[in-house]
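A.B. asks: For this one, chain U is given, so just place chain S on it according to the hints.
2 protein chains.
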Amino acid sequence: MITPRRPAGFNELLPADQMALNAMISIIRLSYEQHGYAPIETPALELSPVLLAKEGGETAKQVYRFSKGDNDLAMRFDLTIPLARYTAEHYHELTFPFRRYQIQEVWRAEKPQAGRYRQFYQCDIDIVGVDDITADADVLITARNTLKALDLKDAVLKISHRGLLTGFLADKKLDKKNTEVLRIIDKLDKQGEKVVATELAKLGLKKNDITELLKLVTIAGPAKDVLKKLPTIKQPAFTKALLELTQLNKLLTAAGLKSSEFVFDLSIARGLDYYTGMVFETVLTKHQNIGSVCSGGRYDNLLEQYHKEHLPGVGASIGLSRLFSAIKDSLSDAPANPAQVMVISFESQQDAYALSVVKTLHQSNLNAFLYPGHDKIGKQLKYADKLGITFVALVGSYEVEKEMITIKNLKSGEQKQMKLSKAVQFIRKNL
Amino acid sequence: MITPRRPAGFNELLPADQMALNAMISIIRLSYEQHGYAPIETPALELSPVLLAKEGGETAKQVYRFSKGDNDLAMRFDLTIPLARYTAEHYHELTFPFRRYQIQEVWRAEKPQAGRYRQFYQCDIDIVGVDDITADADVLITARNTLKALDLKDAVLKISHRGLLTGFLADKKLDKKNTEVLRIIDKLDKQGEKVVATELAKLGLKKNDITELLKLVTIAGPAKDVLKKLPTIKQPAFTKALLELTQLNKLLTAAGLKSSEFVFDLSIARGLDYYTGMVFETVLTKHQNIGSVCSGGRYDNLLEQYHKEHLPGVGASIGLSRLFSAIKDSLSDAPANPAQVMVISFESQQDAYALSVVKTLHQSNLNAFLYPGHDKIGKQLKYADKLGITFVALVGSYEVEKEMITIKNLKSGEQKQMKLSKAVQFIRKNL
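Chains U and S are the protein sequences, given in the same order. Going left to right, the first sequence walks through residues 1 to 431 as my numbering numbers them. Going left to right, the second sequence walks through residues 1 to 431 as my numbering numbers them.
Chain U with its partners taken away, still in its complex shape (with noise of 0.2 Å):
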């Protein structure tokens, strides 16, 4: 006998979570179709030579890579490079602007710890071929409508812009350092400006210039009062970023995004080297702990490593698995199966009769099915009421002759026998 267990940092859920998470799944991904996105699948193994081109240090090494046969794999660990790979691919088969969803496990060998775990969902969509402000908004317009449908109503977009930091650093002849300040700027939120000023002058910043760039990075509010605060920088790419944002503002305005829906935070720098336009993350302010739970930006060209041709893109992506964890919690209490009436038959001889019984509900839209065996009848409701499912449909002898059945309402206890027709509606007017 072997104990049956799983890896470290391998969820699992229950079915009545399974369910719960489900539901969630397809919420998002009719929100992504709404808006336009088309769905493609990358397969689990990768060839590494292939995936991992360009990774190097802490990514590289909590890749699942192996070999088999030939081949050297390397298991999805994110949704950005397959889609750059898959882009490349099949260049000549797609459309430009493509746009596409994609929600899939990715796996990463991280220290598991709570609400991180070694295999998780993402839900990604990007616009891949097109540099146009409107891409931006339209990720962002995507992101938080998909929040508001998830019901999670306190959700903030923080957005940025990397434009505001070059041209800063232009400004002040430090662009050799933009790679190195991004990465430090991006520790405000969790170090404080005490332990970024000290880096950024180990980094040969001098003491006047740290104290602009703090004052920069630290503006964030609602979007007209920051685009009212930015200093006045003549460098290309900060007229740019001032631009975009001052357009961005605009649109999503336009789609019907709140100010309290929105702001701009330029303490968002997203460590990821390849943005380089638009960022953002989204906190939920009722769960600030978790980080942010959807984050994205403009990329200025996807498929470098892979193909000739230059295509900048916009994507976002939603923590899928960490959001589940953090709010699960908060979701009223699912059921643990998704029927709504379970059929009881008393003896093996009204078996067929029971089925049938199952066959008219489900050609009514109900989902039912017969409690197999004939276990005694208060085993089976108590099975039925721990599933959660709200009816029960009562067949014996008696039932068959008279082409009846006697239904329970589990919730309010509720019982009463009649044709089955009645009983459709019966069950459909107090589920």
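Hints are supplied without guarantee of correctness; some may be wrong.
Heads up, the list lumps identical chains together, so a pair's fine if it works in one copy or across two of them.
Unchecked claim - Okay, derived cross-link-like pairs now, PhoX-like style, lysine-lysine, Cα gap no bigger than 25 Å in a straight line: (1) 148 <-> 408; (2) 328 <-> 172; (3) 419 <-> 250; (4) 359 <-> 148; (5) 176 <-> 429; (6) 194 <-> 379; (7) 68 <-> 376; (8) 376 <-> 250; (9) 229 <-> 153; (10) 173 <-> 61; (11) 359 <-> 224; (12) 422 <-> 359; (13) 194 <-> 359; (14) 177 <-> 408; (15) 215 <-> 234; (16) 68 <-> 54; (17) 228 <-> 416; (18) 359 <-> 258; (19) 240 <-> 376.
What the hints contain is simulated information worked out from the structure, not anything from laboratory work.
C.D. replies: Leaving out everything else, chain S in the frame of chain U:
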């Protein structure tokens, strides 16, 4: 620059095909839920010593297995063993009979060939914890109804029962050769009676027994006829099988299965050891060449390796990826984007208005997006047409001023200017 490519045997779909596959998954999911099965998902990676506790030979060779840190890991290669592990691990949290469905990918390093992939979807249902023929009927009915929901009207369930052969062999004092005989019989359909007879002779069966056995296992046809044709064999296993098949015929008929939709076919042996009662396969009469698209049966003890409880069960599995690749050419041309309306904004001054149009379309439950940027109208129309989007809504300065839009039906060529509220009705009517 690295050539973007996938490992051999790993398929991926273009958006139109992915949408068609997703539609099938969605139908299967809804059908399983309608029949009262609850969803679970198990991790892609399991601990090898747990997952491969019982597996030897061919299957073990096909498993993607590797080490990461201290863990000896194996990728999911079917949904049955993970179900056993899950059921044993969560035994005290589950309610029995446990009715679960699971739609996930599995991975096997098989030799790639047409319609056979190294990553493919399985769609399983099982009822665990009960040995009652209504459960067998439930699984068969659900399988047939699900294939019917997929519009596979040519699906025929071929049902048999392990007890017939077991009883026959017991009667001939050949009990000990049960497994080998099963394996040989399983080849009947591919290799024919002669080869099977030769192999049975090699196994040591007498000529007379071989003749009788072949006569038995070639009985096939409408359930009623087969029940009449069966020989009388006074062995408990045979008698039980006969009783169960007789009852199955009644139950399936009561549930609305026509005699053309299921047959009893005693050549169905199912190679797998663990089946102990009813077994079945499903052929599409219009696609015989792809083999069984849905198979399963009754097993004696799911938890064997993991738990002291004795849990019999019955299940079925749809091999979706193979099914999809077989029928996808017969599906009508699917669009490559879920949007029903694409909005075109003539100039950036109209972008905000255009996004408010998109918002209204979304609120009217239409799928819509704004084409990002301001490419030439001809290019944008061609784009919408290529994606299979029916309606285009044009927004220029005139439309903004008059608070109207110009709607163009790309299928009929019809074009009209109207108020947005009218447009929604117009689109709905012509979708």
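A.B. asks: If a hint holds in the structure, say so; if it does not, say that too.
C.D. replies: Taking the hints in turn, this is what the structure says about them:
1. 148 <-> 408: Answer is neither: 37 Å inside a copy and 31 Å across each miss the 25 Å cutoff.
2. 328 <-> 172: neither (48 Å within a copy, 59 Å between copies)
3. 419 <-> 250: Between copies only: 23 Å across, 60 Å inside.
4. 359 <-> 148: between (37 Å within a copy, 14 Å between copies)
5. 176 <-> 429: neither (68 Å within a copy, 58 Å between copies)
6. 194 <-> 379: So residue 194 and residue 379 fail the 25 Å test inside a copy (64 Å) and across (53 Å) alike.
7. 68 <-> 376: neither (53 Å within a copy, 50 Å between copies)
8. 376 <-> 250: Intra 66 Å, inter 24 Å, cutoff 25 Å: inter-copy only.
9. 229 <-> 153: neither (28 Å within a copy, 67 Å between copies)
10. 173 <-> 61: Cα proximity of residue 173 and residue 61: none, with 35 Å in one copy and 60 Å across.
11. 359 <-> 224: between (60 Å within a copy, 22 Å between copies)
12. 422 <-> 359: Within one copy only: 15 Å inside, 42 Å across.
13. 194 <-> 359: Classified as neither: same-chain Cα gap 69 Å, cross-chain 44 Å, threshold 25 Å.
14. 177 <-> 408: neither (72 Å within a copy, 51 Å between copies)
15. 215 <-> 234: Within one copy only: 18 Å inside a chain, 92 Å across chains, cut-off 25 Å.
16. 68 <-> 54: Both, since 22 Å and 22 Å are each at most 25 Å.
17. 228 <-> 416: neither (68 Å within a copy, 42 Å between copies)
18. 359 <-> 258: Only across copies: residue 359 and residue 258 sit 13 Å apart there, 48 Å inside one copy, limit 25 Å.
19. 240 <-> 376: between (74 Å within a copy, 24 Å between copies)
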